[in-house]
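Colleague: Spelled out, the chains give:
There are 2 protein chains.
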Amino acid sequence: MSRPTADFSSQLSPALIVRQASPPNLETPFYALDGRLTPQPSHYVRSHFPVPPLDAQTWRLEVGGGAASPLSLSLQELRAMPSHTLSATMECAGNGRVYLSPRMPGVQWDLGAVGTAEWTGVRLRDVLERAGIQEGALEVVLEGADSGTLTDPGRTPGDIRYARSVPLDKARDDVLLAYAMNGQPLTPDHGFPLRAVVPGWYGMAAVKWLSRLYVTETPYQGFFQTVDYSFWQQQHGLSPQMVPITTMQVKAQIARPAPHGSVTAGHVSEVMGAAWTGEGDVTRVEVSTDGGETWTDAEFLDPAEPYIWRRWHLAWHTPQQPGRVTLMARATDSAGRTQESGHDAVRGGYMINFPLPITVYLKGGES
Amino acid sequence: MSRPTADFSSQLSPALIVRQASPPNLETPFYALDGRLTPQPSHYVRSHFPVPPLDAQTWRLEVGGGAASPLSLSLQELRAMPSHTLSATMECAGNGRVYLSPRMPGVQWDLGAVGTAEWTGVRLRDVLERAGIQEGALEVVLEGADSGTLTDPGRTPGDIRYARSVPLDKARDDVLLAYAMNGQPLTPDHGFPLRAVVPGWYGMAAVKWLSRLYVTETPYQGFFQTVDYSFWQQQHGLSPQMVPITTMQVKAQIARPAPHGSVTAGHVSEVMGAAWTGEGDVTRVEVSTDGGETWTDAEFLDPAEPYIWRRWHLAWHTPQQPGRVTLMARATDSAGRTQESGHDAVRGGYMINFPLPITVYLKGGES
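Chains as they are written, first to last, in my numbering: chain A, 115 to 481; chain B, 115 to 481.
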C-alpha cells in the first residue's frame, strides 16, 4: 500500500473540493478512488469549529470523571505507550446529503465525505486502564479542544466544545487514540496532535484535537449527540426516542464512471467503486445500469478485512444507443443488512445509504 | 376549602383565556386568584394534540416494559384500589413566556398557566408493585392516548404520542394517577379518565389521558424530554448537556393589582399573589413597588404545606403622585433558592422565574 507524504504546508490541498473554507470542510473527489488507502492530502475533512492552534509541547490529554482517577498525559508520554495501528474506513454521517430531496440542512456533501486511512496511536483501553476505571462507569466522553458558540432562536447551549461519547464496552474494544495517519503525524485539519478513531462508527465519533476523556456514570447528552448527530428510533412500541448516531450503515458507492461523466456507447466500460459497513464484512455488491430495474453482481478487488472498505468493479457492456443512463450500486453485509431503496425521514440529513442514482451519458463511438 | 362543581358541558369555560382553541390551550385569569384551590373550570389547560375521545368502559391502563410484568387495568379496577388525595400546584414550564424578549416559540402564556387542585387517585407505586418491578428498572414512562404528527425541516419523529418519564425513585415516592380533580371526575380537557400528577414538577410531567406505563432500564429519550421540555445544563465542567425539565423553580406571582390595572394614588392598596417551589417550602416573599430597587417582606395568607402554593399579601401605601409603577415579587424557599433577576438563555422559553415586572397605573384620588 502506498504511504503518501503528509504535506503540512498545504492544509487546503487542491486535491479536495471545498464545501466550506472556514472552518475547513473539504471533500475527496471520490471519482479519483485509486488505492485502498486514501492519501492524507486527499482524505475528507469535517470541522465544526475553527481549527484550534495546539502546541505539541504544552498540549496534554486530561483524563477524569466520576469513575476514573485523574490523569494528565503529554504527547511524549502517549507516544511512549504501546502503539497500535489499524486501517479504518471513516464516513461522515452526512455523506451523500446532496442526493436528498427536499434539501436537508448541513454541509452539502456529494460522494466524497468518506475515506480509508491507516491510523497509529494508543488504544483507548490502555489509557483507561492507566487511569483506573471504577465501578459504575458507563461511557467515555471524548472532548476536543475545538469550541464555538451556537445560537438557536429557542434555546442555546452557548459556548461549547466538540464532544461525543462511546459506551465503555466499545471504548475497551477497539477505539484508538491516533497521533499518526498513513504513517505521518496528523495535520492540524485532521486533529493534530491526537484524534479518536472509532472503527465502524460514522466520523462524528472520531473526535479531533482530543483534549479530555471524561468517564461518566450516566449517558452523555451533549449537543452533538442530541440536537445534532441523532435520529428517531422506535423501541418497545413506544413513540420514537432520540438516539445518537453510531455505526455506519452498509453502503456501496460508484467512483467511476463519475457522476455526469460520459462513457462510449456499445463498448465495455468499467464500473468501479468501494463498499463498507459498520459491523461485519461487506459480502456482496450489485450494480444496476438501468436505474434499479435489474442488478448484476460486481467482483471484489479486495479481501474482506476488519473496518475497511472493499473496492469492487464490474465490466459493463454499454448499450449501443447514445443517451442518458442511471447507474446504482448496493451492498449487503455479513449481518444480512442491505441498502433500502429510499431514505427514511427519521434519519433527517444523516445515514444516507439508499442506492444513489448516478447519471452517466453514453456517447457515440468513433467506429 | 371550596369544592367547585365540575361543568362537563362547558369545556371552553368563559372563565379561561383562550391561547389556542384547538387543541385546547387555556389560561386562568390569574388576577382572579381567590381560594387556595383553583376551581376546575378555571384551571389552566395545556394540550399538545387533540383531546382523545376515551370511553370509561373500554379504556384500560396498560403496564409493561423490560422490568415489569404486563398488567392491564380498567378504570373500575383502579377505583377499587386504595385511593389517595393530595393537593398540588401545577405550573406549565412555559408559564410567563410573554415576558420574554426576544419572543420565544410556543404558546404565549401570561401569568395564568398555573393552578392548584386537589387530586384523587391511586399511587403510582401501588400500581408498580402490583405489576412487579424487576431488577434494573430505572424510569417509568407515562404515555398518553393523545397523538399527532410532528414535522421538522431536518428530521421528524413522525407520529408520536405524548409521553414523559419519571425516575423510579420519584415514581415510588409521591406520583399520583388521578381520576378526580377537586372532588369531581376529570373533564376531557384535564385528562379523563386518568392523568398523572407529579408533585413539585412542572406540568409537562402530568401526562393526561394516561394509557400506558412502561418501565425502562435506560433513560427515556422521547420527543417531549429532548427536543421539547429540556434545557442545557453544565455538569462536571463539560460542555452543557441536554437535560429534561423536571422540578418547578421557586416563584412568586402578583395577582392583584392586575397587570396594566390601576390603583388610587395616595391610598393603601393590597398587593396580593401566590408563591410556590418545586422542593421544600416557600419561606419568604418580597415585593418591590419601585421596579426592583427596594424590597419589602409580604405576609403569608396560608401555612407552608407540601406541594402547594402559599398565598401572600402586602399593604401598599401608594405614592401621592399619579403615574406608572412597576411592581415585582420574588420568593425564597427552604432550600435557599431565590429568584434570579434575569432569564438564563439556556432555559429557552421555559422555567421563567425571574421577578416579572407588572405595570400598574396610579390614578388621582377623588379627595
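Watch out, some of these pointers could steer you wrong.
Stated by the list, open to error - Just a few of them, taken from the derived set where beta-carbon distance is under 8 Å, the chain B residues facing chain A: (1) Leu175; (2) Gly179; (3) Ala251; (4) Thr270; (5) Arg275; (6) Leu282; (7) Tyr328; (8) Pro333; (9) Gln335; (10) Gly336; (11) Phe345; (12) Trp346; (13) Gln355.
To be verified - Simulated restraints, written as ranges between beta carbons of each label pair: (14) Thr361/B x Gly246/A: 30 to 40 Å; (15) Glu419/A x Asp273/B: 38 to 48 Å; (16) Asp404/A x Gln248/B: 47 to 57 Å; (17) Gly262/B x Thr361/A: 27 to 37 Å; (18) Pro137/A x Asp416/B: 48 to 58 Å; (19) Gly456/A x Glu176/B: 26 to 36 Å; (20) Pro184/A x Glu331/B: 28 to 38 Å; (21) Pro137/A x Asp273/B: 30 to 40 Å.
In short, the hints are calculated from the structure, not lab data.
Don't be surprised by glycine CBs; every beta carbon is placed ideally from N, CA and C.
Colleague: Would you mind marking each hint as holding or not holding in the structure?
Modeller: Hints, verified against the model:
Interface restraint check: Leu175/B against chain A, minimum CB-CB distance 15 Å, threshold 8 Å, status violated. The interface hint given for Gly179/B is met, as the beta carbon of that residue sits about 7 Å from the closest beta carbon of chain A, less than 8 Å. The interface hint given for Ala251/B is broken, as the beta carbon of that residue sits about 14 Å from the closest beta carbon of chain A, more than 8 Å. Here the hint on Thr270/B is kept, as its CB sits about 6 Å from the closest CB of chain A, short of 8 Å.
Because the closest C-beta pair between Arg275/B and chain A is about 5 Å apart, less than 8 Å, the hint holds. With 8 Å as the threshold, the beta carbon of Leu282/B stays out of range of chain A, its nearest partner Cβ sitting at about 14 Å, so the hint is violated. Hint on Tyr328/B holds. Least Cβ distance to chain A is approximately 6 Å, under the 8 Å limit. A distance limit of 8 Å between C-beta atoms decides the matter here; for Pro333/B the minimum to chain A is near 6 Å, and the interface restraint holds.
Restraint check, Gln335/B versus chain A: the minimum CB separation of about 4 Å is within 8 Å; hint holds. With a least beta-carbon distance of about 6 Å to chain A, the hint placing Gly336/B at the interface is held under the 8 Å criterion. The interface hint given for Phe345/B holds, since its Cβ lies 6 Å from the closest Cβ of chain A, which is under the 8 Å cut-off. Interface hint status for Trp346/B: upheld, as the beta-carbon distance to the closest one in chain A is roughly 4 Å, under 8 Å.
Hint on Gln355/B holds. Least Cβ distance to chain A is approximately 4 Å, under the 8 Å limit. Take Thr361/B and Gly246/A: their Cβ atoms lie about 35 Å apart, and the range 30 to 40 Å holds. About 42 Å separates the C-beta atoms of Glu419/A and Asp273/B, a value consistent with the hinted range of 38 to 48 Å. Between Asp404/A and Gln248/B the beta carbons are some 54 Å apart, a value that agrees with the proposed interval 47 to 57 Å.
Between Gly262/B and Thr361/A the beta carbons are some 31 Å apart, a value that agrees with the proposed interval 27 to 37 Å. For the pair Pro137/A and Asp416/B, the beta carbons lie near 57 Å from each other, so the given range of 48 to 58 Å is met. A hinted range of 26 to 36 Å holds for the C-beta pair Gly456/A and Glu176/B, which are about 33 Å apart. Checked against the hint of 28 to 38 Å, the C-beta distance between Pro184/A and Glu331/B comes to roughly 30 Å, which is consistent with it.
Take Pro137/A and Asp273/B: their Cβ atoms lie about 37 Å apart, and the range 30 to 40 Å holds.
In the structure shown, a violation is registered for the earlier hints numbered 1, 3, 6, in ascending order.
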